[in-house]
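Student: Sequence:
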Amino acid sequence: MLRFDMNFLYTMINLIVLAFLLKKFLIKPVTDIMEKRRQLIEDGLKNAQNAQEDAMKMKEEYAQALGGAKEESVRIVEKARKDAKSEYERIVEEADARAGSIIESAKADIRVEREQTMSALQSEIAGLAMTAAAKIVAEQTGNNQEIYDKFLEEVGEAHEDTDNN
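Residues in the sequence shown are numbered from 1 upward in steps of one, following this note's numbering.
Hints listed in this document are in silico derivations from the structure and should not be mistaken for laboratory results. Note that CB positions come from ideal geometry on N, CA and C, so glycine has one too. Keep in mind that the hints are not guaranteed to be accurate.
No farther apart than 20 Å at their CA atoms in a straight line, the calculated lysine to aspartate or glutamate pairs in the DMTMM-like style are these [unchecked claim]:
1. Lys135 - Glu157
2. Lys135 - Asp149
3. Lys82 - Glu93
Label-pair distances were calculated between CB atoms; the ranges are [unchecked claim]:
4. Arg81 - Gln116: 33 to 43 Å
5. Val112 - Glu153: 42 to 52 Å
6. Ile102 - Lys79: 29 to 39 Å
All chains should be modelled from the sequences, with the hints used to inform the complete structure.
Tutor: What follows is the structure, encoded as structure tokens:
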């Protein structure tokens, strides 16, 4: 049977004091340390999750910026192509206009030279005709055939001189 004596009462009091002391000095600090550790782990997980979310946001922003940069580069390249094409067309048109003016100038120069040559030839022919007429008058007594042959020789020589010049 169970006896309730003073030893039992002291043992019970000792156990209660021991439980109180263990709770105050051992269990409570260990529990606090464990709670702090749990809180630290939760904070670490939250920070990691926040960092991962921030990284995902930055990745999305980077992808959008990269997409925008690609679109911008395509737009810049297209603009440069259009500008280069218009510049090419302008240069070609300008060259065509210059070539046309040079051709027109050359044609005008050729016309002027042709007219001057024709004038010079007409003057020379007139001079030859005058010389021939003077010789004909001077040599009226001679043979007409000789005069005619002489005239043709002189005209031929004059014509060869103009061809050589």
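Student: Does each hint hold? Answer for all of them.
Tutor: Hint check results:
1. As the CA atoms of Lys135 and Glu157 are separated by approximately 17 Å, the hinted pair is consistent with the 20 Å bound.
2. A hinted pair counts as satisfied when its Cα atoms are at most 20 Å apart, and Lys135 with Asp149 qualifies at roughly 12 Å.
3. Taken as a hint, the Lys82 and Glu93 pair is honoured in the structure, with Cα atoms around 16 Å apart against an allowance of 20 Å.
4. For the hinted restraint 33 to 43 Å between Arg81 and Gln116, the CB-CB distance of approximately 52 Å leaves it violated.
5. Val112 and Glu153 have their C-beta atoms about 33 Å apart, which leaves the hinted 42 to 52 Å range violated.
6. Distance hint check: the CB atoms of Ile102 and Lys79 are about 34 Å apart, consistent with the given range 29 to 39 Å.
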